[in-house]
Amino acid sequence: NKKLCLNSGEIIQMSATMNMIFEVQDLAVASPATVSRCGMVYVEPSQIGWRPLQASWMAAALPGALPEDGAARVNALFGWLVDPCVAFLRRNCRELAPTADIGLVVSLMQLSESLLREGFAAKGGVAEKDVPKLIDGVFVFSLIWSVGGTTDNEGRALFSGFLRKLLDQSVDKSPNRKDYDLGAGLVVAYPDFKLSVALPKEGGVHDYMFDLAKAQWQHWMDTVKVEPLHESLPFNEIVVQTVDTVRYAYLMQLLVAHRKHLLFVGPTGTGKTVYVKAGLDALDKGMYTSIETAFSAQTSANQVQDIIDAKLDKRRKGVYGPPVGKRCVVFVDDLNM
461 NKKLCLNSGE
471 IIQMSATMNM
481 IFEVQDLAVA
491 SPATVSRCGM
501 VYVEPSQIGW
511 RPLQASWMAA
521 ALPGALPEDG
531 AARVNALFGW
541 LVDPCVAFLR
551 RNCRELAPTA
561 DIGLVVSLMQ
571 LSESLLREGF
581 AAKGGVAEKD
591 VPKLIDGVFV
601 FSLIWSVGGT
611 TDNEGRALFS
621 GFLRKLLDQS
631 VDKSPNRKDY
641 DLGAGLVVAY
651 PDFKLSVALP
661 KEGGVHDYMF
671 DLAKAQWQHW
681 MDTVKVEPLH
691 ESLPFNEIVV
701 QTVDTVRYAY
711 LMQLLVAHRK
721 HLLFVGPTGT
731 GKTVYVKAGL
741 DALDKGMYTS
751 IETAFSAQTS
761 ANQVQDIIDA
771 KLDKRRKGVY
781 GPPVGKRCVV
791 FVDDLNM
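Per my numbering, the sequence shown starts with residue 461, numbered consecutively.
Keep in mind that a hint or two might mislead.
[Unchecked claim] List of simulated lysine-lysine pairs, DSS-like, C-alpha gap at most 25 Å:
1) Lys-732 / Lys-774
2) Lys-720 / Lys-661
3) Lys-661 / Lys-589
4) Lys-685 / Lys-737
[Said to hold, decoys possible] FRET-style restraints, in silico, Cβ to Cβ:
5) Val-764 / Gly-469: 23 to 29 Å
6) Gly-663 / Gly-643: 27 to 33 Å
7) Arg-775 / Gln-678: 42 to 48 Å
8) Ala-560 / Arg-775: 32 to 38 Å
9) Ala-587 / Asn-696: 44 to 50 Å
Calculated directly from the structure, the hints in this document are not laboratory data.
Predicted model, so just to flag it, every value in this text is computed and none were measured.
Heads up, the beta-carbon is just placed ideally off N, CA and C, and yes, glycines get one too.
The whole structure should be built from the sequences, with the hints applied where relevant.
Take a look at the structure:
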């Protein structure tokens with residue numbers, strides 16, 4: 461009879477042309493009556509994999525200035541690097557917070573999309589000879605900070621060594637390899653080209669960023685000018701510039717500029733809140749406004765919505781937004797609460 465019955469007692473009659481689709485994590489709290497009345501389609505995420513999502517992303521999200529052979533190179537990099545790196549992470553590294561394989565690939569796509577758009581939007585465009593360098597550098601950098609960015613320091617060192625071997629095409633490509641544990645049956649699909657811009661040999665792969673303007677790798681600390689601290693700063697506001705502050709500020713500003721969500725994860729007292737607040741303060745005040753809130757054990761969804769709505773302008777009934785011409789960044793602290 462297509463009637464939607466709400467907890468409030470309200471009944472909404474749906475027309476013959478209306479259908480509702482719900483995507484749920486499991487059926488743990490579904491009654492037999494619910495199951496019998498609904499058409500159930502269950503698909504194991506591992507059976508779908510990340511490739512359909514990648515195909516959709518490449519069709520819709522890649523910059524229009526990217527040449528056709530450039531898109532083919534991006535596709536080859538996905539086929540070469542993603543599966544081995546995800547398999548290595550799962551079997552050899554410890555994550556600070558659990559992730560899904562497809563979530564890691566989504567992060568890789570979002571970082572790649574943001575960097576490619578910035579690279580091809582640069583004044584004067586990209587020279588044809590530099591397109592492979594830009595694509596390779598952006599993809600490897602994005603891979604490092606998506607698939608290789610969720611593990612701890614020990615895992616980063618292991619991932620760094622594996623990725624260097626994989627980029628050099630010196631990892632055994634057969635499924636019966638003895639050099640690395642990547643699980644049974646995984647075949648490494650090496651492309652017919654070498655990486656056009658190699659990673660520096662010194663240090664770990666997380667110590668470098670890819671300079672879009674120069675199309676080359678650069679150490680994080682070489683990208684900033686170290687300035688002395690102001691003597692008038694209160695002690696609790698002093699932020700000593702380190703490689704961590706530089707790279708997290710860069711990643712945050714990049715993703716915020718391209719309207720991508722991000723989550724900082726780490727043990728208590730490691731400076732996550734300070735990093736985010738410093739990043740928010742560095743945003744262009746003429747373009748961005750920010751809303752800060754924190755979760756506690758007593759926080760409810762309605763409270764969070766009320767806090768956010770109260771700091772936005774009311775456009776019309778039920779529609780809120782930042783001042784016209786600006787974007788709003790919402791920072792939620794202590795999300796684990």
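Going down the list of hints, with the structure as the test:
1. A threshold of 25 Å between alpha carbons decides the hint, and for Lys-732 with Lys-774 the separation of about 32 Å lies outside it, so the pair is violated.
2. Distance hint between Lys-720 and Lys-661 is unfulfilled; the C-alpha atoms sit about 31 Å from each other, more than 25 Å.
3. Restraint check for Lys-661 and Lys-589: satisfied, since their Cα atoms lie roughly 24 Å apart, inside the 25 Å limit.
4. The hinted pair formed by Lys-685 and Lys-737 meets the criterion: a straight-line CA distance of about 20 Å does not exceed 25 Å.
5. Separated by about 26 Å at the C-beta atoms, Val-764 and Gly-469 satisfy the suggested range of 23 to 29 Å.
6. Between Gly-663 and Gly-643 the Cβ separation comes to about 29 Å, which falls inside the hinted range of 27 to 33 Å.
7. The supplied range of 42 to 48 Å is met by Arg-775 and Gln-678, whose beta-carbon atoms lie about 43 Å from each other.
8. Distance hint check: the CB atoms of Ala-560 and Arg-775 are about 36 Å apart, consistent with the given range 32 to 38 Å.
9. Separation of Ala-587 from Asn-696 is about 48 Å and conforms to the stated range, judged on CB atoms against 44 to 50 Å.
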